[in-house]
Structure formats: structure tokens, C-alpha cells
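Participant: Below are the chains, spelled out letter by letter.
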Amino acid sequence: MSTEHKITKQQVNFKVFRFNADEDYLPYYEDYNMEVTSEEVVLDILNRIKWEHDGSFSYRRSCRHGICGACAIKVNGRATLACKESMTDMIELFGNELTIEPQSKKRAIKDMIIDKSDFWDKHADVKPYVVTDVDETPTLENLVSPEDAEQINDADLCIQCGACHYSCPVVEVNEEFFGPAAFAAAYRFESDVRDEIGTQRLEAVHQTNQGVWDCVKCFECAEACPKDINPIEKITSLHQMLFQKGVATSNVATRHAVGFKHSIARNGVLDEGGMVLYSERAAVVKHIPLALNMFRKGKIVPPWGIVKSENLDEIQKLVKSSSTAKF
Amino acid sequence: MKKLKYALFTGCTAKQSTPEQYMSTMAVAEKLGIELVELVEASCCGASHLQDYDDFLSLVLNARNIAYAEKHGLTMVTICNTCQLNSAMTKHRLDNNADLKARVNEKLKEVGLEYKGTSDITHFLYAIIDDIGLDKVKEMVVTPLSQFNIAPFYGCHNIRPSELQNETHNSPENPYNPSSLDDLIIACGGETVDYAEKNKCCGFHVELQAPKTSAILAGNAVAGAMDGNADWIVTPCPLCHLKLDTQTGHLSKEIGRDVALPVLHMQQMIGLALGCTKEELGLKHHVESVDFV
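Chains as they are written, first to last, in the numbering used here: chain A, 1 to 327; chain B, 1001 to 1293.
Simulated from the structure, these hints should not be mistaken for laboratory data. Note that this is a predicted model, so its numbers are computed, not measured. Careful, some of the hints might be misleading.
To be verified - Stretch-level coverage of chain B by chain A, calculated; a stretch enters the list once three of its residues show a Cβ under 8 Å from a Cβ in chain A:
#1 1008–1022
#2 1038–1048
#3 1151–1162
#4 1168–1177
#5 1223–1236
#6 1274–1287
Claimed, not checked - To list a few chain B residues with every Cβ distance to chain A over 12 Å, as calculated:
#7 THR1118
#8 ASP1135
#9 GLU1139
For glycine and all other residues, C-beta sits at the position ideal for the given N, C-alpha and C.
In isolation and in its complexed conformation, chain B is listed as follows (with noise of 0.2 Å):
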């Protein structure tokens, strides 16, 4: 098989508040065969906060992101939901309006670059489920993550809005029903946990300016979870991890109830499942400590 090879748009929080997601992409992506060539050029995607004061100027950022992939002829890679939303939703728009296309494309030639709608961009966890394929997965996995109960936490920028999800994939994810965590886990010998919060939101975005709300979402997620009998939660989206891993003092004292459970990133369950040492996944990261490794 040839060996597949992506640009990689880390995003910011990978290499500040989740080094762990960052450490645990790389030593997963060696172990499935994957090279990935890190877009160091990148900026912000302006993480839908930019969105909201300055629209073109997050179309024209996030379209030199993805004019940087199409240089490298690859797919892009996300490893951040926020970030999947804003790189797939700046495509869709200027896929779909020649104009706007046109006016970003005159911003970008002052700096030599232009955008032309050729890469595909995809978040790591489609990239795995489309391109490798779960059963492939499923062979390489080592050691088995039989023994625990593993709540997955979707994160609403992967599966929401559905005509990203529709443009991106073979078989897209129903947002009210998704599937594609939950087939992870069971593909590294986990059990899954299924519970109502799991396609919610956790919050995230308005952790400054509506810290009751940001954590009674956060909250309700981590009471379901540990409700359905979970060890631990996976995530494919960093700003849930944080969301969800670092303040349950905070989320305890406004949902009204003790909760707290490791949180993983996604690609530190795989990597747990394919041999990666803890050092390698860098499981030292996390404020809810991962004792069971």
C-alpha cells in the first residue's frame, strides 16, 4: 500500500495547552504508517471568535492555511474540531461563490500565494476511519483496551453542521446518531458507553464570557459519561479535552455533584492500543491524572 502522507495543521492548542495531543498524533501517525508534514506556515483559524468581528479577514487567513496544503499537493489534516469547522467551512464557502473566491485570491496574491480549492481537508479521526480503514486498525492494535469502559465525547465541530460532514466524507456521520468514535473504540478492543451527552456541546466557547453555562454543559457531559459507567472519556476535539479535563472542581461545584474522569485525546487511546509508551503519549499532561496506564 502506499504509504499515505498528509499536511498536518496542528492548530495553537497543540502546541500550548494540549502538548500531549500534539506528542501522541506524531508517535500514532509512525505507528499506522502515516507521514505528515507539519504546516508550520499556518495561523490561527481564528477559532470561530474571529468569525464574529472580522469575517473576511478569517476567509483570507484560513484560506492561505489551505493554499499552503495545496502547495504540498495533500490533504489537509486537523487535529482540532474548531479548527476542521473553520479550514472546511472557509472551502465550502469559496468553493461555492467564484466571487468571494476571487476577492480573497487578490488578497493572497500580495503575499504570492493563491487559493484554489484542489486539497481536501479532513480531521485525523476521518482521515484514520477513510483512508486506513478501522479494520486495519483493528489488526495492528497490541494491546487491547478490553478492560475499560470508554465514553466517547464527539465534540460539535466534527459532526455539526452536516453539510460539512456531507461534502467531506463517503459516509457521513449523523449528528444525532454518530458513529465513527464509538467504532474507534470498539476497533482498539474498548467497550463503548453509549449516554446522551455524547454529540453535545461542552461548552467551550464561552468559558470567559459564560463561565456557569461552559461548565454546567461540561458538567451534564461528565456526569453522563461516569453515569453510563465509564473509565475514562475520549475526545477527538482539544478544546473539549480541556473543557472537560482541567476545571472539575469548577463543573462539580455548578452542576451540583462530584464529577471528574481522566479525559484522552483520540490519539492517545489508539496509541495506547497500539504499543505507544505513556512517556510517548505524554499522559503526564493531564490535570485528571491517567493513573491507569
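So that you can see chain A by itself, here it is in the shape it has in the complex (with noise of 0.2 Å):
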């Protein structure tokens, strides 16, 4: 049996971003036309930009194995590891018309090229390494179980790459925010045995704006890393490291999760107007316009008007034998 597969060819038009800092005011796009076979991956067609079009085209390239994150860019608003996708599933995704792009527009230095900086501040900031007293002259091995190992799950395969990062709408508004590749992170190095930091990284996860709470839920990060560790995962665990290590303090986030579960247990539904009450307490008074407003559209029930889910027993049941948050 033959295993010669058949090489195709097509055309495709590249909208490339370019720009340079030092010189340009704003960033353009250029247009390259350019037959593409089935065998390349987008680093090949960064390449042939370079060597065939523009000799001044800039982007970053290693190791060309997916393994040292360079290479990281955007095709048609997608996170992209450009030598590690192939051209076939592109076109296959987008068509023929393909929008080159770097990870961040507004941190490009010179067109695929940014400036990296926030995500290896923030990266640092949550100390990704262990935290540990060395013994400098051991005796014995330092073992790990496989048990234990398993814990770091496979946060441990990020390479850094800000694919998730530039992909999260919260760090694109507001620098603050650690981002997703710093909470994985983070996660990696809390799940270690071995690490004897303490609560120190949770609590600066746990920290308004900056910390879990501001994460918007949208798996954003999840469909953008191309080592699919799924960084809401990590962010979803630290979220319950949080309640379990007795870090979480009472704010309006932490109210906001601990409530679906009173919420449930009294009514099987939940009772949004009492949700709101409950995170916000005293501060629920700046919703009061918006409620009026929601009032007068017949959007809001009162307490005594929810309708409960019905055989309420088992529901109040299972929220009594099935909790594992004692707290």
C-alpha cells in the first residue's frame, strides 16, 4: 500500500499588519498573494514573506518545534503558534483570505514583534518557580509520588508563549489583571509538594482587579493555548484553593459564588434580586437605578413572586449530603 499523500496547492491572499515603531505613526496592512502548498505551516509563509517580499519583515522564530513559544502570532484574530499550524487547517478554518497579525496590536514594536513585558512581569509576580529551602549536600534522592506529580496536571507544558494572555479581554482592559498564563502558573507551583511559600501566591491571586475574580468566564484562554492546558481549568481551581486554604476573605466576589449555593438550597432557582443583595450588601444601594429601571419593564421579581423548583426536598437534600465546601 502506497503512503504517498497528494501535495496540493492554492492561492491565498495575506493581509500582513505591518509596522515600525520607530518610524511609522500608525500600523498598515499589506497584501501578499502567494501560492501556498499543503505541506507549510504559517512559519513558512512568515519565511517567505521575509525572503521573497520584504527582506525589513520582522517576527520572532526559535526552535521551529513548538517548544520555545516565539513564534506566537494571530491569524484572523486567533492565537496562532505559526510553526505549529499548518496552512491546510487555516484555510480550511478562514478561506483564502488570511489576516496576519501580532499577538498584541497596541504592544507591536515592529510588525510581528511586541513587547512582551506585562506578561513576564505578571509571569514573575506570581513566583513560578519552588519556593524551598535546598539542602546543598543531599543524601538521599528528593522523590515526588506519582500521585503528588499528578496534581500539577499538565500545567507544567506551558511554554510561555502569551498565546492566552493576549487573547484575554480582561488584560486588554486592564492592565492590572495577571492573566491567564500567570494564574496557570501560579497553579503549577501551588499544586508542587515541594513548595514551601505558603498561602504568598494565593493571596496575590486572590487580590481585586489583579487576582481570579475579575476573570470574565469566557474560555478565551482555553481555545487559544496551543499545549492545551486549559488555563480556566487552573483558574477554576485556584478559585476553590482559595475557599479550601481559608485565603478567601468576604468581598463581593467571594459573596457572589458562596450565594448560588443559599440561593439553591432555599428556592432551587436562583433568586437573582437576593444574589445581588448578598455580594453587595450596604453597596446594593448603587444598584437601586437600575433595578427601578428593570422594575418598570416587569424584569424584576420580588422574593415572594420566585417561582421554586419543585420537588425542592432533593434538591435541599443533595445540597446538604453533597457539599464538600465546609465552610
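Using the hints, put the two standalone chains together into the complex.
Facilitator: Pasting the structure below:
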């Protein structure tokens, strides 16, 4: 049986982001029409733009094996590790008009090259390493059991490419927010049995405005990650660890999470107004103008008007017997 | 054709802050000849916030909801993207982890229920596309929406994570270039508006804890639709609807630009095209007036 496969060719128009921070006032796009073969990956296209069209075209590249994370860019808005994505897949996803852009247009220095310092600073802030007193003259191996190693999960596979970070809408609008890669790193070292940092890392990710409570739960990071690390899964784990390790303090975000359990135990369904009151406490007054607007349009049901779930006793029994959060 | 029948998981919002969504779901189901058996026993899905606090409890509660759909022998249909995420994610996790499924069933046994994994879970949008077909919807249109430019707003939890899409649908949506809602707009006779924010986040889930972030994301979405010359926005998610419709003053303040557009539920758009009355579709329940009908 022949294993030979057929190489196909097609014309693709690439609309490529161009910008030189030293010379250009604004970025612009240049079109490159090229014949692309099914053998090529996106990095081949970047190389060909430089080699065949414009030697000044700039981008980062190094390993060509999906492990250094340098060549991360965006194709039609999708985070793409250029050396890993086949052109065939790109054309299947988006057709024959492809827009090539850097990970973050506002951080562009030259073409695909961005200033990634915000990413590295935030990454460093969560102490992405094992903090422990090292015995410099050990007499025994420092063993970690397979069960303990499993806790780290796949978070160890992160190559710091920034795909998730620059796909996160919160990073885009809030400069303080750590972002999914820093959170995944925080999770990875928080889950390491050798680490002796205590709750420092968790305290960092608990902070309002910077921490996990500002995550919008959009799953952009899960889509973006070329290593399938699923950062939002780690963010959810950090949320849970904050409660489990007693780091979570009472604030609008933590009360919002806890409030669901209380509301479900009482009604089965959510009491929307009650939830806002429970989460906000006295600060609920700031929502009064909105509540009045909604009330006028028949969008607010008073507590006594809520239609509770049928067989509520089952729900109440399950809330009691299945709760793993005992606090 | 055999009459389509589903178990309807309304979610909490349709019974409280978006009554028009419940009304229009029922009106459109009748027009389309769909029978909906409401899961009146269902609890809240946890909205991905209970999941941050008590993961196992959220699995048990969602498995209980699905178990009721299974008792009816029906596919569960959701009308909220976040209900869809949490229900489908529960199914995904239990169907792929026998040990977890056994632990959940141990709890459900206490109330005489069992999660088997026999019911599919799909959002109403995809039930219409996959089971009825847009050609059929097109045939049934009596009032084409041809005079409207309509901006689709997909909502995160219907299109991400894509692994749930891939499990649920024959032709899974590309989260970077989704088409289902655009196709539905075209089937209803409308013009679709293409804009960068159509598959982005509305910010609803951090409305209380990060109001500024939330308002900027929603404000940018409405602004994008306006710049695309949209007459109105349509969304399959009541949470996106609430975020985009009810507080445009705040959104405008945070993005430094006046933004406001009517935001219709997907069911209301279909209803308009199929000849439902504005009373049936609950159009008076919008904060941004739907004054074009």
C-alpha cells in the first residue's frame, strides 16, 4: 500500500500587519498573494514573506518545534503558534483570505514583534518556581510520588508563548490583571508538594482587580493555548483552593460564589435580586437606579414571587449531603 | 415529519429578569411545531460561580437536572448559553470519568435518581438548526426582516470551549468565525452585520466584582455593532441580553461614547419573522425600547 499523499496547492491572499515603532505613526496592512502548498505551516509563510517579498519583515522564531513559544502570532484573530499550525487547517477554518497580526497590536514594536514585558512581569509576580530551602549536600533523592506529581496536572507544559494572555479580554482592558498564563503558573507551583511558600501565591491571585475574581469566564484562553493546558480550568481550581485553604476573604466576589449555594438551597432556582443583595451587602444601593429601570419593564420578580423548583426537598437534601465546601 | 419534542431547561433568568425570553420561546416553539416539556424540577446550573466554590455539588445538581430529562427520554434543550455550558460540561465530565459518575450517582441515589448519560444537551439555537433546519425556517417566514441590519452576538458559552461544540454538533461552530446566528438571521430574511466583537465576551460574569471591565467589554460590543450600521443586536443568551440591554448609560460612561441599541433574543427575532405578535414576544420588557415593530 502506498503511503504517499498528495500535495495540493492554492492561492491565498495574506493581509499582513506592518508597523515600525521607530518610523511609523500608525500601523498599516500589506497584501501578499502567494501560492501555498498543503505541506506548509504558518511559519513557512512568515519566512517566505521575508525571503521572497520584503527582507525588513520582522518576527520572532527559534525552535520550529512548538516548544520555545517565540513565533506566537494571530491569524484572523486566532492565537496561532506559527510553527505548529498547518496552512491546510488555517484555510479550512478561515478560507483563502488570511489576516496575519501580532499577538497584541497595541504592544507592537516591529511587525509581528511585540513588547512582551507585561507578560513576563506578571508571570514573575506569581513566583513561577519552587520556593524551598534546598539542602546543598543531600544524602537522599528528593522523591515526589506519581500521585503528587499528578496534582500539577498539565500546567507544567506551558511554554510561555503568551497565546492565552493576549487572547484574554480582561488583559486587554485592565492592565493590572495577571492573566491566564500567570494564573496557570500560580496553580502549577501551588500544587507542587516541594513548595514551601505557604499561601503567598494564593494571596496574590485573590487580590481584587489583579486576581482570579476578575476572570470573565469567556474560555478564550482555553481555545488559544497551543499546548491544550486549559488555563481556565486552573483558574477555577485556584478559586476553589482559595476557599479550601482559607485564603478567601469575604468580598463581593466570594460572596457571589457562595451565594449560589444558599440561593439554590432555599429555592432550587436563583433568587436574582437576593443574590445581588447577598453579594453587595450595603453597596446594593448603587444598583437601585438599574433595579428601578428593570422593575418598570417587568424584569424584577420579588422574593415572594419566585417560582421554586419542584421537588425542592431533593435539592435541599443534595445540597446538604454533597457539599464539599464546609465553610 | 414526526413532531419534535424536547425537555426544556429554562434556567433562572427566563423566569425572572428576562420574562420575554420565556414567552418568545414558547411562542416560537408553537409556530415551529415543537413540543417542550418544561423541567420544572430543575435547579440553577450554578452559572459557573457555584463551580468556583463547590465543584462536586455543582456536578450533582446539574446531573440531577439532566437525570430528569433522561426520565422523559428526551434531549435537553437550554435557552441560556451558561446553562448550556454547565449542563454540557457536567455531561462531558461524567461520561468520560466512570469514577466521578459513580460518586455523583451515589448522591443522586439518595433522592431516587440516576444519571445515565442517555440524553443529549443542546441549545435551542442548535436544536433549530440541526433538527428543523434553516431551509424549513425560511419556508415558514411570513414577515421577512429584510429592512433590518442585524448584528449577531453569539455569547461565549455557546461557542467555547470548542470541545463541547465538537461533541454536540454534526457541523461544529468555529469559535473564531461562528456562523449559526448569521445563518439564522439570513433565514429570517435579515441582513447580517459583521463586526469584530460578535464572538467576544459581554462581561456579564464579572458585573458585580469588576463593573468597569464588564462595562467596557459590553460597551465595545454595542459600539462595534453600531459602527457596523446595525439596527439591532440579536443574541441566543439571556445573560448577554441583560448586559447589553439594561445599562447602556453605564456602558457609555465607561467607554466614553454614547452607545445603545435594542437587543433582541434569538427567539424574538424568529418570532417576528414567523408572524408572532409583539405581545407574544414580550417586546415591552426591554429596557432599550424595541420601537421598530
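Participant: Just want to verify: ASP1135(B) was marked as not at the interface with chain A; is every Cβ pair farther apart than 12 Å?
Facilitator: holds, 23 Å
Participant: Residue count check for the stretch 1274–1287 of chain B against chain A: does it reach three with CB-CB under 8 Å?
Facilitator: Held - the stretch 1274–1287 of chain B has 4 residues with a Cβ nearer than 8 Å to chain A, which meets the minimum of three.
Participant: Three or more residues of the stretch 1151–1162 of chain B near chain A by CB distance under 8 Å?
Facilitator: With 5 residues in contact (Cβ-Cβ under 8 Å with chain A), the coverage given for the stretch 1151–1162 of chain B holds.
Participant: Does GLU1139(B) clear chain A by more than 12 Å, comparing its Cβ with all Cβ atoms of that chain?
Facilitator: Nearest chain A Cβ is 29 Å from GLU1139(B), so the label holds.
Participant: Are all beta-carbon distances from THR1118(B) to chain A longer than 12 Å?
Facilitator: Label holds. Min Cβ-Cβ 20 Å, cutoff 12 Å.
Participant: Would you say the stretch 1223–1236 of chain B counts as covered by chain A, given the rule of at least 3 residues with C-beta under 8 Å?
Facilitator: violated (count 0)
Participant: The stretch 1168–1177 of chain B covered by chain A? Criterion: 3 or more residues, Cβ-Cβ distance below 8 Å.
Facilitator: holds (count 4)
Participant: Would you say the stretch 1038–1048 of chain B counts as covered by chain A, given the rule of at least 3 residues with C-beta under 8 Å?
Facilitator: holds (count 8)
Participant: Are there at least three residues in the stretch 1008–1022 of chain B whose beta carbon sits under 8 Å from a beta carbon of chain A?
Facilitator: Since 7 is at least three, the answer is holds.
Hint check: a violation occurs at hint 5 only; the rest are consistent with the structure.
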